[in-house]
Each structure stands twice: as structure tokens, then as C-alpha cells.
Amino acid sequence: MSDILRVRGLKKYYTVMAGLIPRPQGEIKAVDGVSLSIAEREVLGLVGESGCGKSTVGKAIMRLEEPTAGEIIIDGQDVIRLNKRELRQMRGKVQMVFQDPDASLDPRMTVGGSIEEALIVQGMSDAAERMERVGGLLDKVGLEAGFAELYPHEFSGGQKQRIGIARALAMDPKLVIADEPVSALDVSVQAQILNLLMDIRDRDGLAYLFISHDLSVVRYISDRVAVMYLGKLMELADKKEFFSNPLHPYTEALLSAVVRLHPGGRERILLSGDVPSPLNPPSGCRFHTRCHRAMPICPLQEPEFKEVSPGHFTACHLYG
Amino acid sequence: MSSAILEVENLNTWFYTRRGIVKAVNGMNYSLYAGECLCLVGESGCGKSVSALSLLRLFDSPPGKIVQGRVLYNGTDLVACSPDRLRAVRGKDIAMVFQNAQSALNPVFTVGDQMMEQIKAHDGLDRNDVLTKAKMLLEEMRIPGAARALKMYPHQMSGGMKQRAMIAMSLSCDPKILIADEPTTSVDVTIRAQIMHILKDLKARRNMSIIFITHDLSLVSEIGDRAAVVYAGKVVETATVTNIMNNPSHPYTSGLISCLPDISSGMKRLPSIPGNTPNPLNMPAGCPFHPRCSKAMEICRRVEPGLVHIADDHTVACHLYGPGAGGSR
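Quick note, the sequences are listed as chains C and F, same order. The opening position of the first sequence corresponds to residue 1 in my numbering, with each subsequent residue numbered one higher. The opening position of the second sequence corresponds to residue 321 in my numbering, with each subsequent residue numbered one higher.
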């Protein structure tokens, strides 16, 4: 199986300007050296708290945010070197589904128009052919073809998210970056959308980068899981290994923070405090200020992200 | 069980909009007992928040209006009592924590000022005592550097800190009842764990009653003693949390429970509830859940089921259990 996406040392820094005459005050290292890969037909779950940089990773892969450094290889092509025209072609292979279906659909365009636009960009010139394709896409996501005539406000949240998915599929992408696609939905609808995403993967052989803060959702949908904290990967492993044998203390804490329907006897690890400011991340290991297993070395030296057992990576001094 | 300290009887809160009447709360019944945590569970738009706002008449009127019903607290009907009487109860006896701490706090006053305003309004303490009390409350919420936090403006605090400051504020007059409306929806999982821990702790130490409003059933099993499942402005099932989780009787309740991805199981496919929540302007006839219900019968399309007792402290509104049920229990 070959990799559809390979990311090496991805960095995205934002310069913070302040003052009457704005001057650079520092840098926010939103993504600070992330490396990961996704194989064809694979679902990689990317988990972390808000502000950890997980959405920025998704946007940087699409080059919706220009990366500061790093290498992004999609289907053998280095995305960062592409010119505008090549980039447009590349974006046919990678599509995105956003969190808020309200904000990602144009309220003044029929949903058919929104989906059709993607086909026009891709160069499908025959209008009748386009309409047929729009109908087929709506059908694929469980909506009636007749809905193409309606406007976004006439749909419920779950239906709008289905339309967002149909639009992403219009290009026959090989990889879909789904950025919190179900977190704005009610639980009963969330299950419908998760099932739909899985059906589409099975039928069309897609790969997903599934960005979420919800570990139970990630467990349901992913093949492998990566955890991010303050711009860096903390752990990456096969799903089974990740949930049965979490290594990084941050992962442990995240897993224990998940509330269960039928709570077991496990002692909950309560993290103290909040996520530190990314403008001024802690020295050494970024997690040491909240870590329940911090050692003297942790504030001094940054742990390396390395393979501890086959396919299981973590960045923690406990496993030096 | 001890007697109820709050009883909601046939509460109807309707909103008169240009497009028609939205019956957000449409005949809601529940009781809250001393020292317990009652969870109101339901999806967005089901009326759980409006029902809580109705207790203290905190919604905009017009368009909203309580058309019918009673809210009995300590022998007083909060629906019928004078605005002055209600003001004495608000914040003092019954306090509220809102979902979005960002918009519930005033951005141009420090957190300390906002806390002290409330304490002064109800307690009549002098400035020094008020200050000490505010600081103690923040410490109780485990906000580090409480004295410094009092001088902070809301934007200087993180989301979790703001939410905790808001809980501290709601506790400032030692309320008997705390209404927490989705207090953890806008915060991260690790912060959510902290806040849930604080709430559980408070309930135990202050013997406070909590009405916890949420759409997340896993939080219910974490904090609740009893739960009321709300659909289309009505309670469709009430029971102890253990009963709700292990023996859900309404098809909507069992649907809600089974569609949650559980982290401890490696399920292949999630069961889901088909369709969407009904349009409040155009409610289905009969049982409002029947278009989405897998067990719908002929009678469900015509007659709306009432709440019936099926066991001790377990009531459900479904024709499967009614006296005239087709025997298919």
C-alpha cells in the first residue's frame, strides 16, 4: 500500500504584531515540526485540545495556509513547490469538509450551484452532464436529487453537512481532510454522518485525515490515531495499540477525561491548569507543566519523537 | 426520597413569532429533590434550555410567554409571583451557570466587580467582607492566584477559567438550586473533566440541588442522580440515571444511548436515529417522535401519549406502555 500523503517537518509560524506602529512581538508556533503519513484507504485521526494546531495542519496540507517550512507530498508531488495551476489540480485530489456547515455553504447559492461550482472549476463543460453528476452526488450522501434547487437555510444541520460532504466528493478526491465534521451536530445526527463517511470510504476507497477533539468518535472511525499538543505530535499509533496501550502521559490523561456511558473503576487523571500559551510554550517537553509524571529532565530537554515499538511513536522521556 | 424542593407542573412557554407560534416548552413536568442532580437531556431545540430559563423567567418577553403551568419553589409559584419576589429568588436561591461563559460575563468589568455586584445585591455585607467572600469562592473553584484573578477582565482568562469564575459567581449567595445549562460544551475535554469534578464536589459538600442540562448522555451517567429526557418541549421519560442507562424504555431514549460511539467498544457500525428533530412550527400530530420511531404504531400517529408509571420513579410517555397499549410491552 502506498502513501497518499506524506508530511515531513511541517511548520507554520504566525508573527504576532502589536503596538501603535505594529512591530513583530513574537511568534506563535501553531505547528512546530509535524511528520505523518496516510496510506491509501486509511483513516488517520488527529486529536488534540483547541489551539493545539490540529486544524492548521489540515489547512497547511491544502495550502489554505502557506506552511513556514516542511515538506508535503501528495500522490508523489511536493505540494509546496506547485504553482497556482498545478495547485488547483492537486486540490482535486484532496478535499476538505469543514466543521460548521452553516459557514461553509454560500447562503445565496442553491446547494446544487455550490456543488456544481466545484465541477466547473474542474473543467466539466457540459451543463447537463454537470446536473446529472450533482444529482448522483446528492444521492450518494443520502439526499434527494431534487434538493439541488434549494438554498442552505432550507436544510437542517445534518443535511447541510451531507451537502458539504457531497461537494468535497465532487472532485473524486483520494484524500478528504475532515475538520471536526460532526462536532456541531446533535448526537443522533452525528451517528448518521459518521456512518455515511465510513460507507463512502468503503465504496470509493478514500483516505481521511479526521481531525477531532472527541476520542470516542476518533476510535470509531480511525485506523491510526495521532495526538497533538501545542503544535507537536505527542503520540502516534495504530488504533488498537493506541487505546489499549497509550504511552504518553498526555494521551493517558485525554483518555481518562473521556466520560463513559458506563463508568468503570479507573481512577481519573485530572490535568491541572490550562493549555499554556503557544506564544511562549514551556521549555523542554511542552507538556511538563501539566504532566503527572514529569521528571527533572523534562523542563530541560525536549524529548525526541521516536518509534518505541513497531508503528508506535511517542515523544516522552519515560521511554528514552 | 425527601420531598421535592422544586416542582414544574404542566409548564408551557411559547414564542409568538412572525411565522407562527413556537411551542418551545409544551407541557413540561418534573420535580427536583433536595440534594440531587437532575439531568435534562435532549437534542438542540428540544426545549430543555427554555424550560430552565422559564423557571426564573429569563427569556425575552415578548416574543416569549409562559402561557400555562406552575413552578413551585418553597410554596411560591414563580410563574405567578411578583417581579420583586422573583428577583429575590434569582441568584440567591436559584442560580444559573450558562453555556457560553464568554458571552455571559460582562467584558468591561473585572471578574471581581461582577462577583461583588451580586453578593452586594443579596447579602448586604460591607466591601471588605464581600471581597474576602469573592476570593474564597474563586479559591473553592481552584483558580490559581485568586486575588489576581479578581482583578482580571474576562478576556484575560482562558475558557476554562471563565467557566469556573462563572460557577463561583453563581455560588456567591449560597443558592439551594444551581441550574447548569450545558456548562461544559464550549470547553476542551481536559477542562471538562475539571469542571465536572468541581460540580460533583460542590453537590456533595454544599448539599445543593443541581439541574444539569446537556445533550451528552455520557455526562449524565457521570453526574446525574435522575434524568428527564426531553423531546419536542416535553418530558418523554424520567427515571434514575441507572434505570435510564440500563433500562431505557422510550424508543427515543434507547436511540440516544445507542447512537453514542462508546470508547470502550470496537463497534463496526453505529445505530442511528433516522430523520431530524421536528420543525417547531410544524409539529407532527400524535406522538411527536412517531416519524422517527422504529416502533411506531397506528395509534402514535393520532393520539399523543401521556406520562405513565412503569416502575418506581420511572415514568415514560409512549403508547407501548399506556393502558390502551396494543399489549406489546
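To be clear, the hints were calculated from the coordinates, so they are not data collected in a lab. Any given hint might turn out to be false.
Examples of chain F residues toward chain C, derived with CB under 7 angstroms [what the hints assert, rightly or not]:
| # | residue |
| --- | --- |
| 1 | E363 |
| 2 | G465 |
| 3 | A466 |
| 4 | C493 |
| 5 | T505 |
| 6 | S506 |
| 7 | V509 |
| 8 | T510 |
| 9 | L522 |
| 10 | S592 |
| 11 | I593 |
None of the values given here were measured: they were computed from a predicted structure. Glycine is no exception: its CB is placed at the ideal position from the N, C-alpha and C atoms.
Run through the hints listed earlier and report the numbers of any the structure violates, in increasing order. Those not satisfied are hints 2, 3, 4, 5, 6 and 9.
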